[in-house]
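Here is what each chain is made of, one letter per residue.
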Amino acid sequence: MSDKVTGKIFVLGDNIDTDQIIPAQYLNLLPTDPEERKKLGSYALVGLPKNSLSFIEEGQYEASCPIIIAGKNFGCGSSREHAPISLNAAGVRLIIAESYSRIFFRNSVNAGLLYPFTSSKRLCDEMKTGEEVEVDLDAKTFTHKPSGKVYHLDSLGDAETIIQCGGIFEYAKKYGTN
Amino acid sequence: MGMTITEKILANKSKRTTVQPGENVWVDVDVLMTHDVCGPGTIGVFKEHFGSDAKIWDKEKVVIIPDHYIFTADEKSHRNVDILRDFANEQSLKYYYDVGTSNYKGVCHVALVEEGHTRPGEVMFGTDSHTCTAGAFGEFATGIGNTEAGFIMGAGKLWLKVPETMKFIFEGELPPYVMAKDLILKIIGDIGVDGATYRSMEFSGDGVYSLDMEERMTLCNMVIEAGGKNGVIAPDERTLDFVKKRSNKPFEVVLNDEDAKYHSVKAYRSSEIEPMVAKPHSPDNKALARELKDVKLSQAYIGSCTGGKMADFKAAARLLKGHKVSIKTIVVPATKEVEEGLKSETIDGTSLWDIFLEAGTEGIGKPGCQACLGGPLDTFGRLNQEEICISTTNRNFPGRMGSRQSQVYLASPLTVAASAITGRITDPREYME
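Chain order of the listed sequences is A and B.
In terms of numbering that gives the first Met the number 0, the first sequence opens at residue 0 and continues consecutively.
In terms of numbering that gives the first Met the number 0, the second sequence opens at residue 0 and continues consecutively.
Excised from the complex, chain B in its bound form (with noise of 0.2 Å):
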């Protein structure tokens, strides 16, 4: 019988010709990343079960980027990342990206992917539960939490239930008002926060591969807010290319068998997707912008894993240009790699960096995490009061961004441009020809 990709990954690294869903197989593992939030406590959980003198399993398959809480004066946040600086010298880790050196990255999912930890076929587990982002280069990839961390970091292996595939197909080039982020807002609200529970979602059609590898990561990044174990996108030559780019690791593509079967299978048209805004407090809570022009908002933030990338910035700069935002508009840059592009990247002569701070945003945040999930209470973009933020970041639970009298909204990065603009909820066409 055919298997899916996710299926078929999975048989390769347990040694097996063939899985089907509802098995429970151990798999080898090709990437294991942590970072400054989970990581003390994964390599407290290693030292218990094999060892204080314990050696990983392998030197270059852990990857540690600390991302979370790095500008902050929090003491602890600071003592978790010297927990993982002495881990990575006394395991002469190849891959750890320390704070305050010119070795620091960002946002641990697209430094993943800048550094070239990314590759077709293979499995990665993260102690993040966005780690599903790297589904987007055609790999097996999900969020595990510290025992399970600890344990692979001795064994180099993991149990896994093989799960069933859901496949969403986007018929046709998107709009160029509508963003990946819209495409994955829409397949949540849809099915709802438990709708892919257990299960893959794979993205495929036209119009998911006419999307850049960055939009990709959107859909994929997304797919644990409806529950999914993983999201995928089969390889073609756009990820190809960009893989050899950064890696110089061999790897395997791994396509669908022409007989895979699904457990279900949901088209759309990409030209009657709106932009889309999930509501305060749940990802699934779905209108269209066009709908919420009454919403009167205090912040908007364009950051994080999920919207602060350099097509998220270009999208959001595109809008901006020539105008003024009217509320507090927060921009930080995923990584640095993104930070150096908002410097390098231009839009007729004036750089995006430029464009943000003529529009009259805070300035342009440190690359990290920040205020995506609130964190210690001096983070840049926190929201401390009863604010109401449109964001093109990945949650908003009550709480998510900081304080729980707080109200996120969740959009794409053109419509949290357009709504910085008014002040309150507008869909990017009012400011698009």
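Here chain A stands alone, though its shape is the one from the complex (with noise of 0.2 Å):
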């Protein structure tokens, strides 16, 4: 049986920072308290510009769009895992960028949040946040269901065996530590 994510994108460019995905003065918040943890993820990506669309309505603790697309560069500066937990709060289940910061690539892969996968192709120029997308995690395969396109995820190598562990702990403890 196939894993498979459906859903809406929400489609961002490069160099989006951890500033931008959870602002500082939302760091005093608990990630491992579950009421905390619920509003850091409605303040995901809320350090936006301005004029950027908002990725969770006023009022809610969950985003529409379970998937993010985005350019190069994605969670670089902090190594605040509050970032890549609040993402995972407002229920994203992956992002597809050009390339990601390494420490926010490893947060997300050693807590097992969510699937930072790259695609060679820079798919944020060519789609719109609230297009619907289908990606099969088996065949490592993206629909981009208003065009009827499909395109290829790199693999994770390594990384996917951690996160489909659940994270480093259980990845420890099935494979070890030498």
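Don't read these hints as lab results, they were simulated from the structure.
Here a beta-carbon is modelled for each residue, glycine too, at the ideal position from N, C-alpha and C.
It cannot be assumed that every hint is accurate.
Partial list, computed: chain A residues near chain B (C-beta under 7 Å) [as the list claims (entries may be wrong)]:
| # | residue |
| --- | --- |
| 1 | A23 |
| 2 | N27 |
| 3 | N50 |
| 4 | S77 |
| 5 | E80 |
| 6 | A138 |
| 7 | T140 |
| 8 | K173 |
Starting from two chains that each stand alone, build the complex the way the hints lay out.
Written as structure tokens, this is what we have:
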């Protein structure tokens, strides 16, 4: 049985930094507290420049788009795990970007929060927020429903095994630390 | 095949004779640092996975330094420091620098150095992206998240992908108007904010070795702004003298093999570097200070792990002495030791502290991260409106220092001080002989 994610996309450009994903004034919220984690979700991407589309509607805790399409260097800046946590809490299952900053990538993988896929094609210039897509996690393909075009996702390598295990703790239990 | 410093440290700490870039290895950790913003989450992860009564792997290797949201009325921020304190007590941590006590330090990356937690050849992880600062002491140091830190607390190790190394050489001593901040802004401007992603950045050349340890820290501090995994400078006599004064733990000096392989080597002539500025809203949006003299400012900020050390304040004070600032100017020492240094260090008989006050700064802030990253609304120096700030800090993303409407220009302490006098971006050479 193949694992598929279907839903709307939210499209962003290059260098979306962690201050835009979760501004520093919300870092007082504790991710391991369920209520505060939910709140972190409600603030996901609230730091985007003022004229941007809202990722989460006023008063909501979850986004209507479970998939983010982005350009280069997604998640650059701080090491705050609050960034992928806020996206996860807002219902984001996966991101497809041209590239990631390494700490954001590692946090997403090691905490098992979401799939940080890359695609060699620059999708963020071709697609619009709100369009429907279907991602096949096994086949590593991605169908853009309005155009019917199918794209390939790059392999996550060892990182995929860690995410599938549910994060670094389960991975280390299963495969050891040598 | 020869290895770079970074490769050799990772080989040593993964108990291998050799490693190659791209390999994933589990490395033993010498120091794990966390603070008030990521510590509570890290502790939560540790307890969730290892058990509520679990003990950390080594109580002398976990260092907790609250520094981010300290001087605020925000209750959740206070709660977070309480979580750190309870954990430090419960685990009998040797190194916890508590708020409100004589043991409080300030900005973690500077406090780690002052308190003797940085040593050549070691592996340091910290739940803060600027942990790379410690590479100035010839060690491998990088930032991680809460989950990874929670894992280390119990296991004492972490997996890493061995990075390729990019080498940056500065030939010749720096001109007096150029600081380490200008060098790193030049590099970031040249290679871009993702120009070193997943790679190590090594700094070398007689220009780099003419710098004191604080200036070397500034170079390594901002490698993350180019996406770098770690920054590193091979230790010299100055490094060893400094470390031996602060730490009595033995350490092993690791140097590059002569036949080490690099991703790339780029050489600069120090004499050709001019005072640099990163324009809003990206650290790679480079310009020369002299090209921006029409940019009017409303605030100047001197502080942070990048630009709030003694070397930074000495440079700024030297330039400000005998002048008045024309815009709101915020001075925040990184740590208490730096704060004390502002009082004891003098130029022509006047303390740096008095030089800043006589120049008309907004007093002197309390040591900590303060407005470098915005923070709670009552943070000292936070940009709360459409302010235009020139700052010695490290990031100028939209909203980084507070309001999304504000604009931040990054520059050296000399350039920030000169600009504070004129109220517009000013090349420090206008005030230097």
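Task: When the least beta-carbon distance from A23/A to chain B is tested against 7 Å, hint result - done: holds (4 Å)
Task: chain B contact restraint for T140/A - C-beta distance below 7 Å - done: violated (26 Å)
TODO: Under 7 Å, Cβ to Cβ, is where K173/A needs to be relative to chain B, so tell me if that hint holds or is violated.
DONE: With Cβ-Cβ at 13 Å, over 7 Å, it is violated.
Task: Hint status (Cβ of S77/A to nearest Cβ of chain B, threshold 7 Å) - done: Since chain B brings a Cβ to about 5 Å from S77/A, closer than 7 Å, the hint holds.
Task: chain B contact restraint on N50/A - CB to CB distance below 7 Å - done: Nearest chain B Cβ about 10 Å off; hint violated.
Open item on the list: For the restraint on E80/A, tell me whether the closest CB of chain B is nearer than 7 Å.
Closed with: OK, holds: E80/A within 7 Å of chain B, min 4 Å.
Open item on the list: Take the shortest C-beta to C-beta distance between A138/A and chain B; is it under 7 Å?
Closed with: violated (25 Å)
Task: Status of the hint placing N27/A at chain B (closest C-beta pair under 7 Å) - done: holds (4 Å)
Taken one by one, the earlier hints fail for this structure at numbers 3, 6, 7, 8, listed in ascending order.
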